[in-house]
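Generate the whole structure from the sequences, applying the supplied hints.
Protein sequences appear in the order of chains A and B.
First residue of the first sequence? That's 502 in the working numbering, and the numbers climb one at a time after it.
First residue of the second sequence? That's 247 in the working numbering, and the numbers climb one at a time after it.
You may find that some hints are simply not true.
In the SDA-like style, the derived pairs of lysine to any residue whose C-alpha atoms are separated by at most 25 Å in a straight line are [unchecked claim]: (1) B:Lys448 x A:Glu698; (2) A:Lys817 x B:Leu490; (3) B:Lys271 x B:Ile291; (4) B:Lys374 x A:Phe895.
Quick list of the computed label-pair ranges, beta carbon to beta carbon [claimed, not checked]: (5) A:Thr891 x B:His375: 16 to 22 Å; (6) A:Gln599 x B:Ser546: 50 to 56 Å; (7) B:Leu542 x A:Pro600: 55 to 61 Å.
Just so you know, the hints here were simulated from the structure itself, not pulled from any lab data.
Where a beta carbon is used, it is the ideal one built from N, C-alpha and C, also for glycine.
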Amino acid sequence: MGYLIKNGHLIDPGNDISKKTDIYIDDEGFIQAIGKAPEKFKTIGEIDARGKLICPGLVDLRARPREPGLEYKATIESETLAAVSAGITTFCCPPDTQPVIDTPAMAQMIQHRAWRFGMSFIHPMGALTKNLEGKQLSDMEALDESGCVGITNGLNPVTNTLVMRRAMEYAVSFDLTVFLHSEDPWLHGDGCVHEGEVGTRLGLPGIPEAAETVGIARDLALIEHTGVRAHFCGLSSARAVEMITEAQSRGLNVSADVTAHHLHLTEHDIGYYNTQCHVMPPLRSTRDRDALRLGLQSGVITAICSDHQPHEPDAKLAPFAIAAPGISGLETLLPLTLKLVDKKLLTIEKAIALLTTNPAKIIGVDTGNLGIGATADICVIDPEQRWILTEENFVSRGTNSPFIGWEFTGKVTHTFVGGELVYTASDND
Amino acid sequence: MSGDLQFDSNKRLRHLLSIDGLDQKTILEILDTAETFISVGERQIRKVPLLRGKTVVNLFFEASTRTRTTFEIAAKRLSADVINFNIGDSSTNKGETLLDTINNLEAMHTDLFIVRHIDAGAAHLVAKHAPSHVRIINAGDGRHAHPTQALLDAYTMRQYGKDFKKIKVAIVGDIMHSRVARSLIHILNILGVPEVRVIAPKTLLPVAIERLGTHPYFDMYEGLEGVDVIVMLRIQRERMQGALIPSEQEYFNLYGLTEEKLVVAQDDAIVMHPGPMNRGLEIDSSVADSDRATILPQVSNGIAVRMAVMALIMGGSKKNKEAGS
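Below, the structure written as structure tokens:
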């Protein structure tokens, strides 16, 4: 006894499938058959997906549920529910929780909490250094064993180049991927916006493009030296895309992602101190945004993530520089990506790949595809539905978003996690 | 964008947050109104009743003596009640947010806030969230804006017979960290000044400053050549630690205004400084004390200009009010 999703358009980039078909989910939560009904298949539920897209559940490389440590902003319960309402069935949690994810106990606790609520999966990222201090290596192998899908120092810089070298060498020994937010901390300084005309006009301290390129240059040299597999998180500038392109062409084992908001916004969207546009890395020029879009098209950047950072309203009611950075992004990840399809910058198949099979490969997990026998993490999308983002329709506890008031086309109607129907849009019953 | 906040639906000035967003007409109205207030300071009884019964709060989150005092005198000459809150830089560490502070003070039935804050955009934030009857004047927010300083500087230039449509103005020093410079650049551009120069080493010039309507110069002699007005900015001694300039001596040699450098400017060029001055660092005493310097008139003009801004924001020009009372 399982579910049947019929008459939908299946897009499964991992298996190179894009066609109208039916999907049969067995009672264990796996894909039992595609197209033709298995013998004696009995359904406990049927979804008529005529006119809809059926995709693997989305995999988000970076989202902060704020638990443990900042439960006044959001919780694992609230954010895993927000995730499935947006078609996201798996997301990775950076290690900058309080306490930091630098012990197996913390890594397991987060997975266990997510599992208990039965919504999306959370894969923790382990700390690269103890307490993210950039001094002493964390117990990387134990973190890997306890379910961490990568190791990273998050936004905390590893200023000591020797420590970074050793961390990479140690990671190589255990076949771990290092996730990098490469930035020179001195050039970042007290900056809060892109160093450019907008920052100058508003009198806000800037972060030059060179902060990112100097950081990437150092890390690329160390990657080459150590042979580590590395992933660059959240590229923000045209020059960064160029550098990763060049590194890949030289055969370095490096990948990169971009956030959904950097593909749409620029420094100009800050207007007169719109704190919803305070993000790290900063929104840069129109030229940079266009280069990030080209980076997706050329295949240099292979994943789009939400970089979800929910905040309580007060966190943004402050002067720009001291307002907390970050966007509540889970619920705009797919809509913003579909906008790139509308603009004819991506095909729908490529867009879905950037949200599913590609990020799954980066973290080395067996999700993000819908072959026979695969776990039934599925997202059903009505590609025609038009809607406007309002503060009220957020499921996440954080409604901090510069996209409130934007009109989108395409909305998630159903989400399955492990064969369970965990989300049904209320206006689609 | 800031214009929307600064004007009410009848296009009347509601708040003064930045020069950026004002039009020439509004600026000239403020300068003309200030002119009518100059004489108030010279009378035996230095008061007019325009703001009688109104409460003005000087809310300073950053230390200041000069600006706060001139705002206080201006409000008192308009017969307002004045309360001073010097909260200092540490207020945000005490747990109360900026908006909480404003709401608390507003609950005491105050009418006008003069706000200075270390962070750019603070006055905009307050204006956006304060109750609709409250008025805000920005007395300096981070590196962003200091609109009343720009107005008093423009007033002083006009007082010294400078025709905005014809002059060249040079602003010298730490443009990077200066809200005075940013507001001045805007006001001079709006008033139609054909050439605004900024002179500093590259470390003290913000990127894309030319896009705000300026011509950058690294060399003092080249930059001062033929100018009608020189505005010297205060250089903070901390800048040496930030590796922005090497030493006081080198800075004075290259950018300190001396009689020798002044020679290349127009013969009747005036020398302005928003104060407080560092003699022997950005300006030589012989220049600061010469009759070319307008530093003390700037201070007196500051009171009249601030009276004008308060009077306009709190309801109409002086003429209307006096005719009615």
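Right, here's what the structure says about each hint:
no.	hint	in the structure
1	B:Lys448 x A:Glu698	15 Å, holds
2	A:Lys817 x B:Leu490	32 Å, violated
3	B:Lys271 x B:Ile291	31 Å, violated
4	B:Lys374 x A:Phe895	24 Å, holds
5	A:Thr891 x B:His375: 16 to 22 Å	20 Å, holds
6	A:Gln599 x B:Ser546: 50 to 56 Å	55 Å, holds
7	B:Leu542 x A:Pro600: 55 to 61 Å	59 Å, holds
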